[in-house]
Amino acid sequence: DIQMTQSPSFLSASVGERVTLSCRASQNINKYLDWYQQKLGEAPKLLIYNTNNLHTGIPSRFSGSGSGTDYTLTISSLQPEDVATYFCLQRNSWPDTFGAGTKLELK
Amino acid sequence: EVQLVESGGGLVQPGRSLKLSCAASGFTFSNYYMAWVRQAPTKGLEWVASITNSGGSTYYRDSVKGRFTISRDNAKSTLYLQMDSLRSEDTATYYCTRGLRMVRSFAYWGQGTLVTVSS
Chain A
5 DIQMTQSPSF
15 LSASVGERVT
25 LSCRASQNIN
35 KYLDWYQQKL
45 GEAPKLLIYN
55 TNNLHTGIPS
65 RFSGSGSGTD
75 YTLTISSLQP
85 EDVATYFCLQ
95 RNSWPDTFGA
105 GTKLELK
Chain B
45 EVQLVESGGG
55 LVQPGRSLKL
65 SCAASGFTFS
75 NYYMAWVRQA
85 PTKGLEWVAS
95 ITNSGGSTYY
105 RDSVKGRFTI
115 SRDNAKSTLY
125 LQMDSLRSED
135 TATYYCTRGL
145 RMVRSFAYWG
155 QGTLVTVSS
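Chains as they are written, first to last, in my numbering: chain A, 5 to 111; chain B, 45 to 163.
Derived by calculation from the structure, the hints in this document are not laboratory data.
Quantities reported herein were computed from a predicted structural model and do not represent experimental measurements.
Virtual Cβ for every residue (Gly too), placed ideally from N, Cα, C.
Away from chain A, derived, C-beta distances all over 12 Å, residues of chain B:
id : residue
1  : Q57
2  : K63
3  : G110
4  : R131
Straight-line alpha carbon distances no greater than 30 Å define the calculated BS3-like cross-link-like pairs of lysine-lysine that follow:
id : chain 1 : residue 1 : chain 2 : residue 2
5  : A       : K49       : B       : K63
6  : A       : K49       : B       : K120
7  : B       : K87       : B       : K63
8  : B       : K63       : A       : K43
Let the hints inform the model, and build the full structure from the sequences given.
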């Protein structure tokens, strides 16, 4: 199975700050990488698919990049409603595997 | 509006069975890849099983292979997960998810149904 490692596990940032979350795969995943946001008590929500495609209705402050084994989710200007846990997911090969998540909090 | 509503969760003893359902609305069900994803209490996300839009192909994680069966009824716009020989480690909230056209991301999620396996 492909292992997905997210860093950092916890991140504290201020409103308006630019935030970068990372995800590293144990092997090349050919940009089949998604990002999901899960707020406390809610179901996860798709933010970005195939590395850099913004899902319908997702604010443009979210963006994704990467290739090979290294991928990044960037929030250009952190908003209070962005407090959540963020998960990456690889879909390059079965089984689909999630990272353990990055918990994002407000400073 | 895409809606996915799971049902069928509950408390079940180890070794017993449970069948989850997911009623879909707001889109043409037969056009989309569907999947189940679970989350153990206070833990991360884990893909469980997937099924193509026609139901012709199914995929499972190793830990549920031979015990769980994913299926769909396109006439009823309903997704199912038959869970047999349940174990304590299957305890989780189970989410029904829908893909995008030609992309099998988990684009839409239900609210989840909690399955607790305990004696």
